[in-house]
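Here is what each chain is made of, one letter per residue.
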Amino acid sequence: MTTASLHGGPEPSARAAVVSAPVLPTSHASWWRTHSAQRKTFGYTLLAPAALYVLLLVGAPFLFSLWLAVSDANVGDPVAHFVGLENFRAAWEMDTFWIAFRNSVVFLVVAAIFKGLLGTSLAFLLLQNFRGKKLIRGLVVIPFTLPIAISVLSWKWMYDSQFSVINWVLSRAGLIGSYGSESWPVWLGQPKLALAACIAVNVWRTFPFSAIVLLAGFTAIPLEVLDAAKVDGCTFFQRFRHIVTPMIFPILMIGFLFDTVFTLSDLSVVYLLTQGGPANATKILPVLAYQIGIQAGNLGRGAAIALFLVPLLLPALILVLRNIKRREW
Amino acid sequence: MSVSQPALTPSTVSRRRFLTVAGAGVTTSALLTMLDARQAPAQIKGTTLRILQWSHFIPAYDAWFDNKFVKDWGDKNGVKVRVDHIPHLELPARMAAEFAAGAGHDIIMNGSSILTRLYYKSLADVSDIYDSIGKKRGGWIPTAKPLVEVEGKQYGIPMFYILLPMLYRKDLFDANNLKAPDTWELARVAARTLKPKGHPTGIQFSQCADANLNWRSVLFSFGGAETDPSGENILIDSKETREALRFAKALFDEGMTPEVFSWDDASDNRFLASGVGCWIHDAISAYRTTEDTNPDVFKNTHIAMEPAGPGGKRVSTSAANVYMIWKFSKNQPAAKEFLVHFMEEFKDGMVQSRGYNMPYLLGDAQKPMPIIGSDPKMQILQDFPKIVAFYGYPGPFTTPVQEVVNLFVLPDMFTRVARGQSVDDVMKWGVGEYQRIFSKHKRA
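Protein chains in written order, with the working numbering: chain H, 1 to 329; chain A, 330 to 773.
Calculated from the structure, these hints are not laboratory results. A couple of the hints might just be wrong.
Claimed, not checked - Okay, derived cross-link-like pairs now, DSSO-like style, lysine-lysine, Cα gap no bigger than 27 Å in a straight line: (1) H/192 / A/757; (2) A/696 / A/499; (3) A/628 / A/696; (4) H/192 / A/578; (5) A/508 / A/642; (6) A/656 / A/405.
All chains, full assembly: derive it from the sequences and hints.
As structure tokens, this is what we get:
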């Protein structure tokens, strides 16, 4: 008896016999009746809903936005004509577009750093055992689950130039002067501060998501591995770098990908806080695309501006997927 | 003698076309006759009318409109009316969605962003009722028509506009021997005097609707212009614009604090109501907010005429509001009937909006107007219809102007100057932005 037969497979000699058997001419219709064809059909049938879902809900809108970007479509005209790369050229020529592009990159990078730091810290915190842990776990997701309009309006009040609660606390603590003084920060009025304020709200809203993703990864690590590392004398950071991070890498990458997409396409925070002002200091690509595409009615140019997000997203996407794929092997 | 027969030429009008035109003519004339007799056409009975409009800044107005005005009209005419309210900034997106779907409300309101020229192909021609309403009510103010007219036809009914007058603290002015801010220069002197005493002024140097309106009022009163009357040519590159920019820079340096860079449409309301501001240039919602929240300040808050520029010119850039009917609406007769009724009862709306809704119809603009005519402090508002302008002045509100407004190009010009950029640099940037936007639309 061979190893193969022990595992239930045919004897090698038998397999050879099957291979060497004369192939009977089969008609096209009978091919469908073969076992492998039926298996394939069954597989594709199972896959079809997911493929259809992706095609209809992701592929079709994406292709439609591609068409809009190369057309002169506007909101009030049902007929659009092909204009080639004219809309991209128009965006390229816009001073505001480059400001929005730069702000988008800054927004993405700074927000990612802070979300990474805060998310990791929170995830480690939630791993510990303490009283009220369940309550805290529930509370931390509140920013993520609150309707964005409500939470951003609350922030708008906190950033108010006159009645800011943040300024009030800082003033009471003696860190800044009183209202009207030079040191009184105007959160949404000073260009760098305004961008920082918008990023802060984005970080506040979405770092619980990062924490939850990381927490899911951390809890999947076998404790024995960590205990063994501890016995071997690894410090916390060594364990984090050499054990935790490699083991949760796929989850980390997927989380990173989601976060990048969410951050780059986040229109609401900036739109509700500043509409892109003052003097375009907080303008990001989604806001510009919305203002030109929907409010001013130029769907074509709006779509072209929105599509400039793709070159930003694509490298991240490829990097992440390649890394995950490589680690699978 | 032979009589020459007239040559038979084939008719250019088909039977179908003849029936269509004749049918439309009969329907329109019947509708006009009924409108004239103030009798709703029988065919609207049992139908449903859907209206989409903003959430009014005066909440009591919406309550009255939904529960009384619309309900009474619906009951009287046997029409079921549904009114949906959304924030005014969401109206353009909603309009785009309804257009794309080819379905939605029958009547849709445009607030501030008047999108007639973008959508006119999909809007019902309402020239018939526009004319009849105008005739009955003494005509429209001159700036009304360009808001709704495309290629000689009217595609909307201007419903009301919102003024942004000067609201100033008379007690502070009197205590410092300052003259009422009847000119922009007097307003500047007041700000310069009162800022050191803890009462600065403020106009939004930010990206919000009020910034678009307020800085245009300054520009136009200084003699500047946005486009020529055809709307085709840009007039922003002028010495008047430069002068207005220099004035804004001086006003900011002498009379404002940096908080104006962060302001939204409601910030100046709070600024006045808090008792800090010496004057603001804003809609009377600020006046009403102060009335409700700080009676002491309200008592001393007065309303002034639009300040005059150096040449004595006064132009008040106002927020326009227009009702439109979708072409896809299956209930156009009821929609038209409702709009006629709305305009005929306009004064009720003025009362319910506490003087916020200002009339486009000269008949309604005659003194004394409801509410504002009987309030000594508000009576001055009755003089505004003569000086009202809208975006694009003296040209119409075209699609390139629409983009200029949505991208806040003009307020950004003023902001850049206030932040310290030279007037020449700002002019170069601003004029470049105008030219780029206009040329793109021309190419399209």
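Each hint tested on the structure:
no. : hint          : verdict
1   : H/192 / A/757 : holds (24 Å)
2   : A/696 / A/499 : holds (25 Å)
3   : A/628 / A/696 : holds (24 Å)
4   : H/192 / A/578 : holds (21 Å)
5   : A/508 / A/642 : holds (18 Å)
6   : A/656 / A/405 : holds (25 Å)
Consistency note: the structure conflicts with none of the earlier hints.
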